[in-house]
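**Student:** Each chain, written out:
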Amino acid sequence: QKEVEQDPGPLSVPEGAIVSLNCTYSNSAFQYFMWYRQYSRKGPELLMYTYSSGNKEDGRFTAQVDKSSKYISLFIRDSQPSDSATYLCAMKRGAQKLVFGQGTRLTINP
Amino acid sequence: GAGVSQSPSNKVTEKGKDVELRCDPISGHTALYWYRQSLGQGLEFLIYFQGNSAPDKSGLPSDRFSAERTGGSVSTLTIQRTQQEDSAVYLCASSLQGLMVNEQFFGPGTRLTVL
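Just so you know, the sequences run in chain order A and B. Residue numbering for the first sequence is 1 to 110, as defined by my numbering. Residue numbering for the second sequence is 1001 to 1115, as defined by my numbering.
Just chain A, same shape as in the assembly:
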């Protein structure tokens, strides 16, 4: 069993829809939870991060962490075609090492 599980999709929704992306994990030592966005043929870029449980909002994006359930989510409101990308969750243990989910490929249809 992988430490971080993420549904690879693909996920296709109409423009303007609310998107929910999720990851589960097994290691309770994880403290920092991150979402990376990766456009085709590009490297991932950090979108949002949260520390411990709770919500964090940044514009149309909301990151949510539930440590009791070992479950994290990323919500995208008013989705745009430019949001089409692969979204990777990542979690931090120890000093430096990130553990990534498989990534969910998202397409927003105009």
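The set of hints was computed from the structure by calculation and includes no laboratory data. Glycine included, C-beta positions come from ideal geometry on N, C-alpha and C. All clues stand as given, with none of them false.
If we take Cβ atoms under 7 Å as the criterion, some of the chain A residues that face chain B in the derived model are:
#: 1; residue: 42
#: 2; residue: 43
#: 3; residue: 44
#: 4; residue: 46
#: 5; residue: 100
#: 6; residue: 101
#: 7; residue: 102
#: 8; residue: 103
No more than 25 Å apart at the CA atoms, straight line, and that leaves these computed lysine-lysine pairs for PhoX-like:
#: 9; chain 1: A; residue 1: 42; chain 2: B; residue 2: 1011
#: 10; chain 1: B; residue 1: 1011; chain 2: B; residue 2: 1057
#: 11; chain 1: A; residue 1: 70; chain 2: A; residue 2: 2
#: 12; chain 1: A; residue 1: 92; chain 2: A; residue 2: 70
#: 13; chain 1: B; residue 1: 1015; chain 2: B; residue 2: 1057
#: 14; chain 1: A; residue 1: 97; chain 2: A; residue 2: 67
#: 15; chain 1: B; residue 1: 1057; chain 2: A; residue 2: 2
#: 16; chain 1: A; residue 1: 2; chain 2: A; residue 2: 67
#: 17; chain 1: B; residue 1: 1057; chain 2: A; residue 2: 97
#: 18; chain 1: B; residue 1: 1057; chain 2: A; residue 2: 92
#: 19; chain 1: B; residue 1: 1017; chain 2: B; residue 2: 1057
#: 20; chain 1: A; residue 1: 97; chain 2: A; residue 2: 2
What follows is a set of in silico ranges between Cβ atoms, one per label pair, in the way DEER data are often shown:
#: 21; chain 1: A; residue 1: 45; chain 2: B; residue 2: 1078; range: 22 to 30 Å
#: 22; chain 1: B; residue 1: 1071; chain 2: A; residue 2: 27; range: 29 to 37 Å
#: 23; chain 1: B; residue 1: 1070; chain 2: A; residue 2: 31; range: 28 to 36 Å
#: 24; chain 1: A; residue 1: 45; chain 2: B; residue 2: 1081; range: 32 to 40 Å
#: 25; chain 1: A; residue 1: 67; chain 2: B; residue 2: 1013; range: 42 to 50 Å
#: 26; chain 1: B; residue 1: 1080; chain 2: A; residue 2: 27; range: 29 to 37 Å
#: 27; chain 1: B; residue 1: 1014; chain 2: A; residue 2: 68; range: 45 to 53 Å
#: 28; chain 1: B; residue 1: 1074; chain 2: A; residue 2: 14; range: 42 to 50 Å
#: 29; chain 1: A; residue 1: 71; chain 2: B; residue 2: 1017; range: 40 to 48 Å
#: 30; chain 1: B; residue 1: 1053; chain 2: A; residue 2: 31; range: 17 to 25 Å
Guided by the hints, dock chain B onto chain A, whose structure is given.
**Tutor:** Same frame as chain A, but now just chain B:
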């Protein structure tokens, strides 16, 4: 400002040949990471360099894989006697030491195809 750069962007090689992949991190970043991303898979950690400390090689899949970082800057990932299962995108990232979040900045990757 320049980001992380990697070369070559694409590499096609024959099974059994050696390949070298290069990474130029962001200037001033003391930490450097190599990852492998296979089709439809997440990022698989390979190796991590931090300053003058001994590298964390725990993710290297076999002794055919090695990496070095010269002068605390440029890094080279070498794969000897390549196999078809080595085909993947190899991503390099760098980060500043000391930040709690330790944001990693990624390069565009090298797409390796082993025929």
